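Peer 1: Turn these sequences into a full structure, and let the hints steer you where they fit.
Protein chains in written order, with the working numbering: chain A, 559 to 767; chain B, 919 to 1295.
No wet-lab data here; the hints were simulated from the structure.
Be aware that one or more of the hints could be misleading.
FRET-style restraints, in silico, Cβ to Cβ [as the list claims (entries may be wrong)]: (1) Gly1072/B with Arg650/A: 53 to 59 Å; (2) Gly703/A with Ser1245/B: 46 to 52 Å; (3) Val1200/B with Ala616/A: 55 to 61 Å; (4) Pro1270/B with Glu727/A: 21 to 27 Å; (5) Phe1295/B with Arg650/A: 44 to 50 Å; (6) Asp1288/B with Thr573/A: 42 to 48 Å; (7) Gln1034/B with Met559/A: 52 to 58 Å; (8) Thr685/A with Ala1258/B: 57 to 63 Å; (9) Arg697/A with Ala1292/B: 40 to 46 Å; (10) Arg697/A with Ala988/B: 43 to 49 Å.
Here the structure is a predicted model, which is why all the values come from computation and not from measurement.
Here a beta-carbon is modelled for each residue, glycine too, at the ideal position from N, C-alpha and C.
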Amino acid sequence: MLVRDIMRTPAVVITPDTTLADAYRTMQEKRIRHLPVVEGHHLVGVVTDRDLRLATSALAPHPFAPESRVADVMRTKPVTADPSDPVEDSARTMRELRIGCLPVVDGGHLVGVVTGIDLLDALIRMTGVDKPSGRLEVRLPDQPGELARLTSFLSHRDLNIHSVLSYPEGPEAVRMVLRVGSIETRLLAQDLRRADFDVVWPPEKPWPR
Amino acid sequence: MAAVIYHPAYRSYAFGDDHPFSPRRVEMTLDLLSELGHPVETIAPEPATEADLLGVHADYYVRRVKALGAGEEVADCHEYGLGTPDTPAFPGMDEAGRWLVGGTLTAARLIAEGGQRRVLQLGGGLHHARRNFASGFCVYNDLAIAINELTKRGLWVAYLDIDVHHGDGVQQILYEDGRAMTISLHESGRYLFPGTGEIHELGSGVGRGLKLNVPLEPFTQGGSYLEVFEEVVPAGLRHFSPGVLVVQAGADAHFDDPLADLMLTTRDYEAIFRRILEWADVYAAGRVLFTLGGGYSFRAAPRVWALLYLVMNGLPVPETLPAAWRSRWSSTLDAPLTEAFHDPELGDDAVPTRDEIAQRNRQVAQRLLDAASAYWF
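Peer 2: What follows is the structure, given as structure tokens:
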């Protein structure tokens, strides 16, 4: 999944001459917390609702007036993302820099924005259930050809795989979590065990018949 | 006596000999009741008309079901969940589906017009079917069609789904409907098909707060099931004040079910059925429509559904299963049928994590009620 698949486009933007009061109103009206600042199509900064609240706070040593310009409080030279970046790269960047948004720039033009909330949406899309499906969890040896052996077993049964997640489990195994388009995952698990797969879910029932 | 709806044509809703959704389960149920000295008098329904189907299903979907049932090739049938390993095409698919829908509709009309209080539809309960998508053995959604019929006639419906799988099709079709509450108890979608039925699925628009889901931990036993059942269902019914209950009485939460992982026994089912009938009396003027549903253990499902009939009619539950019935059907199964009617107790140590499971289920029920009751007033 790439940044272009999840970014907000077109982004709501302001200019360096926008007043803090107008920038704040825009955030309230659009229910957003991050505004890229542009001159033409060119990105020159980012301002967040936190920037505005801190800049105008009565607790600040020299509070800015509501009529001040955004140019005086914005972050210049913000870190940006490319539309072709994988979403996990954006997540890592935002996490490392402790920021909540990345303007997306393509060929020098601002084309969109990705926020932490968009990344949560991406997480839901990647792991969520959008088609009726059952869960299948299989432990595979971490060797070439093992995943192919599993997917070809499923394809021979005409089963559609809706999603696949995998993570390493110890040094020599990989845990595969699949959502397959079938209500009959228990019967499928029986057959997988007969074919020497290590099926973690669904488990064998612990009680005798 | 409860009215019982059935027609031999229900047997035509069959996906092949090895398919779990076998009409034999209902034949075994009827035969068991007959051998117990309670031959069931049934009311024959008419199959549903195409207009009945189109109240819920898209015309392009019905057209494809008909074509597949007539043996025609439908190149894009997979996009509609048809012709899949779970829901394969079979000759006469449309007609067979319409018989089951017709049965549930007949049951609804007996209640809405005929003044009947308790009706048992010995089939149907196809809760996974969507407007334009077949899923989990379900082609046409008899429940949603019958519920619409009841609400149209002024009876608001509380739909209670005790099948082990989430009643996703019914919930989706009625998601924005303020005249129908849906309550589904099921094994959590994190582990079991269809994957949905989380507590945050609460309905939308005027239906917000009227769609309740209780996703249960795998290996939940009767004690914990009944605890959350008691906590959630009456609270919902009290708020909603339905005119009628529609109950999808799937028998696949039984511990012997080959497709799922809950651990109810027949004694748990007896307690559940008795409570539902009490709630129907208290909250819905005694009006209750039961359908069947999932339930894929030939050893368990016929006993569960025979129990439903006995409890609905205030008949005693026998100690033992009739020898004639056992010998007739044992030969068709891979192990003989037990002598006792009820299951043996599973014992306290059947699941080592029983207390942890019960605690999680309790929290889920509490979080559900907290979230849903925010919309109740």
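Peer 1: Okay, which hints does this one fail, numbers in order?
Peer 2: As far as the earlier hints go, only 8 is violated by this structure.
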